[in-house]
Amino acid sequence: MAAVETFYDVIRRQGITRRSFTKFCSLTAASLGLGAGGPATLAHAFETKPRVPVIWMHGLECTCCSESFIRSAHPLVKDVILSMISLDYDDTIMAAAGFQADAILKETREKHAGQYILAVEGNPPLAEDGMFCIDGGRPFVEKLKEMASGAQAVVAWGSCASWGCVQAAKPNPTHAVPIDKVILDKPIIKVPGCPPIAEVMTGVVSYILTFGQLPELDRQGRPKMFYSQRIHDKCYRRPHFDAGQFVETWDDEGARKGYCLYKMGCKGPTTYNACSTVRWNNGVSFPIQSGHGCIGCSEDGFWDQGSFYDRLTTINHFGIERNADIVGGTAAAIVAGAVAIHAGVTAIRATVKKPEKTDA
Amino acid sequence: MSVQHTLVKTADSDATEAVRRSSVFVYEAPVRAWHWINAALILVLIVSGYLIASPLPTLSGEASDHYQMGYIRFAHFAAAQLFIVAFVYRVYRGIVGNEHARQLFYVPFWRPRYWYEALYELSWYLFIVKNPKKYVGHNPLANLAMVVLFTLLTLFMIATGGALYAQGAGLDSWWTKLFGWVFLIWPNSQQVHTLHHLGMWLMVIFVILHVYAAIREDIMSRQTMLSAIITGDRYFRDDDP
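Sequences listed follow chains A and B, in order.
According to the working numbering, the first sequence is numbered sequentially starting from 1.
According to the working numbering, the second sequence is numbered sequentially starting from 1.
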């Protein structure tokens, strides 16, 4: 045992009590939806499994994922994952810089080939040979591919790495692409959100470290445990939706009573995330609870769906901003008008023709 | 216009002048029943679907007092599931039924004659030719409209609607297994909502054209339309070719 350093060894060396460790295991197991034996399984894994290094890289992004991550609800969560257990490289928050930092990448790639986990925040721009994101003197996309080649698995943090997010929004001048467009040979787990919820991020890392494999993913590559239901499905305002009670304008009676924000363009019904269950800032609140609709930040291409306050995607093909109701309604009205005119012409012609018509 | 006149003897009249018309049996009972059930379902789907996208003015009080959106959505989902079952049955009728039951599912795309006839029919609608041709089943233009505006649109609405329903039914439901692939084409389900909504408007357009064309043809053309889908018999108003 002494030869291999485990997570637990590191924790204890840092002065974390056994009690705090057990609490962390219980919390994480609960958020992962593991059964009754979950905490014990987690604890056992942390105590016996060799430490898995995590490399955290930053492409085109705003660092909101990191900001979210370091504000995990349970203080131990971030400590466990961030400082002690496994984060070997994170260029934004680590002490090392320049050549020292790059040396860690090289060392990890050589010493832990095929074992480390690559976490990517942000995404690579491909236009102009990747010149829009230079990291360590060369295009980020090169560095990303290099580090991905030796990784056990890749975690795509946030909507940038998962879908492209704002830098990939139309017209996407830098040709930014989600990481699964350039990393083709490794399992990728997508943890979308702008940013993702801290507990979701630590939960996913804990799961991978504990079980040595990716959690079950849905069709789009997201972990089912956090992204299998929409905000709408677990929203505490859902009863108002079913009842037909809506906020019609900001600050109306319905808004004060906490009615459903559907008519205000809430994207809850089309957004897969855990906000309505896990919530934010130590479970304090989430957007809908504070009276504003969900903007759908964890969905693919959420910047390109038009207004945050409209439930129908804007249709730009007609020159001006329109939605399905305007386009469809106008088309139906034109057809109805044409039918009326056609009927009129038919009637007039029939009347004019009448003398020669028989009773047939 | 050659028409055979005759005298009919009825209980209230010894001899009433009448027209002798030839008729042909076109639509079998299951197809006719499907048509009207389907029409009712589409009406429910359009109204409830529109109200889901643009709900009625808000209700007040406690949530436990009402279930308005719930009932509207139930109407939509129930009608949609019946609509799917009815469509599957209609496909089955297309296989086992007579040749007119098959017209909904194909257009004789590669036959030049078909396109000529369709153009002829179009010019009848554009008041260019004086008399339309007679057809036992759908005329070529109607055939095209049916396949594109009804059958293809129905498949699109079933796929997108099934996918949206799968979101509520859950990732492990068979709805997801059946329709989850839709989200590989449009990953953000808001796009699917929007397209499903546009599809609704296309269906409205289809209904307008379909009802207008059927009534107009029943009055203007040389054959009856409404009787064919009510009793199954189509009458021809003259004996000209």
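The hints are simulated quantities; they were obtained by calculation from the structure and are not laboratory data.
Hints are supplied without guarantee of correctness; some may be wrong.
If you want the footprint, here are the derived chain B segments under chain A, 3+ residues with CB under 8 Å [said to hold, decoys possible]: (1) 53-59; (2) 146-153.
If you want the ones that stay clear, here's a sample from chain B, every Cβ over 12 Å from chain A, calculated [stated by the list, open to error]: (3) Phe25; (4) Ile37; (5) Phe87; (6) Gln103; (7) Tyr114; (8) Ala118; (9) Trp186; (10) Pro187; (11) Thr231.
Only pairs whose alpha carbons sit at most 27 Å apart, straight line, appear in this in silico DSSO-like list of lysine-lysine [said to hold, decoys possible]: (12) A/Lys49 - A/Lys23; (13) B/Lys177 - A/Lys353; (14) A/Lys224 - B/Lys133; (15) A/Lys170 - A/Lys145; (16) A/Lys257 - A/Lys224; (17) A/Lys23 - A/Lys234; (18) A/Lys23 - A/Lys181; (19) A/Lys145 - A/Lys181; (20) B/Lys177 - A/Lys181; (21) A/Lys224 - B/Lys130; (22) A/Lys49 - A/Lys186; (23) A/Lys234 - A/Lys224; (24) A/Lys145 - A/Lys106; (25) B/Lys133 - A/Lys186; (26) A/Lys49 - A/Lys181; (27) A/Lys186 - A/Lys224; (28) A/Lys234 - A/Lys106; (29) A/Lys49 - A/Lys106; (30) A/Lys186 - A/Lys234; (31) A/Lys145 - B/Lys9; (32) A/Lys234 - B/Lys177.
From the three backbone atoms N, C-alpha and C, an ideal C-beta is built for every residue, glycine too.
Evaluation of the provided hints:
Coverage of the segment 53-59 of chain B by chain A holds [criterion: at least 3 residues with CB-CB distance below 8 Å; count 7]. Coverage of a stretch by a chain is defined here by at least three residues with a beta carbon nearer than 8 Å to that chain's beta carbons; for the segment 146-153 of chain B and chain A the count is 0, and the condition is violated. Interface exclusion of phenylalanine 25 of chain B from chain A stands, the closest Cβ pair being 22 Å apart, more than 12 Å. No beta-carbon of chain A comes within 12 Å of the beta-carbon of isoleucine 37 of chain B; the shortest separation is about 24 Å.
The Cβ of phenylalanine 87 of chain B lies farther than 12 Å from every Cβ of chain A, with a closest approach of about 22 Å, so its non-interface assignment holds. With a least CB separation of 23 Å from chain A, glutamine 103 of chain B remains clear of the 12 Å interface cut-off, as annotated. With a minimum CB-CB distance of about 24 Å to chain A, tyrosine 114 of chain B clears the 12 Å threshold, and the non-interface call stands. The non-interface label for alanine 118 of chain B is consistent with chain A: the shortest C-beta to C-beta separation is roughly 18 Å, beyond 12 Å.
Consistency note on tryptophan 186 of chain B: stated as away from chain A, yet its beta-carbon is not over 12 Å from all of that chain's, at 9 Å minimum. Remark: the non-interface label on proline 187 of chain B conflicts with the geometry, its nearest Cβ contact in chain A lying 4 Å away (cut-off 12 Å). Distance check on threonine 231 of chain B: its Cβ is at least 20 Å (rounded) from any Cβ of chain A, clearing the 12 Å threshold; non-interface status holds. With a C-alpha separation of about 19 Å, the suggested pair lysine 49 of chain A and lysine 23 of chain A falls inside the 27 Å cut-off, and the hint holds.
Between lysine 177 of chain B and lysine 353 of chain A, the direct Cα distance comes to roughly 59 Å. Violation of the 27 Å bound is thereby established for this hinted pair. Annotation: proposed proximity of lysine 224 of chain A to lysine 133 of chain B is violated, straight-line Cα distance about 60 Å (limit 27 Å). For the hint linking lysine 170 of chain A to lysine 145 of chain A, the alpha-carbon distance of about 25 Å falls within 27 Å, and the restraint holds. Distance restraint check for lysine 257 of chain A and lysine 224 of chain A: the Cα-Cα separation of roughly 33 Å exceeds the 27 Å cut-off, and the hinted pair is therefore not satisfied.
Straight-line distance between C-alpha atoms of lysine 23 of chain A and lysine 234 of chain A comes to about 26 Å, which keeps the hinted pair within the 27 Å bound. Taking the CA atoms of lysine 23 of chain A and lysine 181 of chain A, the gap is about 39 Å. The hint is violated against a cut of 27 Å. A C-alpha spacing of about 11 Å is found between lysine 145 of chain A and lysine 181 of chain A, which places the hinted pair at or below 27 Å, so the restraint holds. Distance hint between lysine 177 of chain B and lysine 181 of chain A is fulfilled; the C-alpha atoms sit about 25 Å from each other, no more than 27 Å.
A threshold of 27 Å between alpha carbons decides the hint, and for lysine 224 of chain A with lysine 130 of chain B the separation of about 64 Å lies outside it, so the pair is violated. Of the pairs offered as hints, the one joining lysine 49 of chain A and lysine 186 of chain A holds, with about 22 Å between alpha carbons and a cut-off of 27 Å not exceeded. In summary, the hint linking lysine 234 of chain A to lysine 224 of chain A is supported, as the alpha carbons are separated by about 15 Å, within the 27 Å threshold. Note on lysine 145 of chain A and lysine 106 of chain A: the hinted pairing holds, with a Cα-Cα distance of about 13 Å set against a maximum of 27 Å.
Between lysine 133 of chain B and lysine 186 of chain A the alpha-carbon distance is near 64 Å, which puts this suggested pair outside the 27 Å criterion. Pair hint lysine 49 of chain A plus lysine 181 of chain A does not hold up; C-alpha atoms about 32 Å apart against a cutoff of 27 Å. Only pairs whose Cα atoms come within 27 Å are accepted, and lysine 186 of chain A paired with lysine 224 of chain A is accepted, the gap being roughly 19 Å. The straight-line distance between the Cα atoms of lysine 234 of chain A and lysine 106 of chain A is roughly 44 Å, outside the 27 Å bound, and the hint therefore fails.
Pair hint lysine 49 of chain A plus lysine 106 of chain A holds up; C-alpha atoms about 23 Å apart against a cutoff of 27 Å. Restraint check for lysine 186 of chain A and lysine 234 of chain A: the C-alpha separation of about 33 Å exceeds 27 Å, so the hint is violated. A hinted pair counts as satisfied when its Cα atoms are at most 27 Å apart, and lysine 145 of chain A with lysine 9 of chain B does not qualify at roughly 92 Å. About 22 Å separates the Cα atoms of lysine 234 of chain A and lysine 177 of chain B, which keeps this hinted pair within 27 Å; it holds.
Of the numbered hints listed earlier, those contradicted by the structure are 2, 9, 10, 13, 14, 16, 18, 21, 25, 26, 28, 30, 31.
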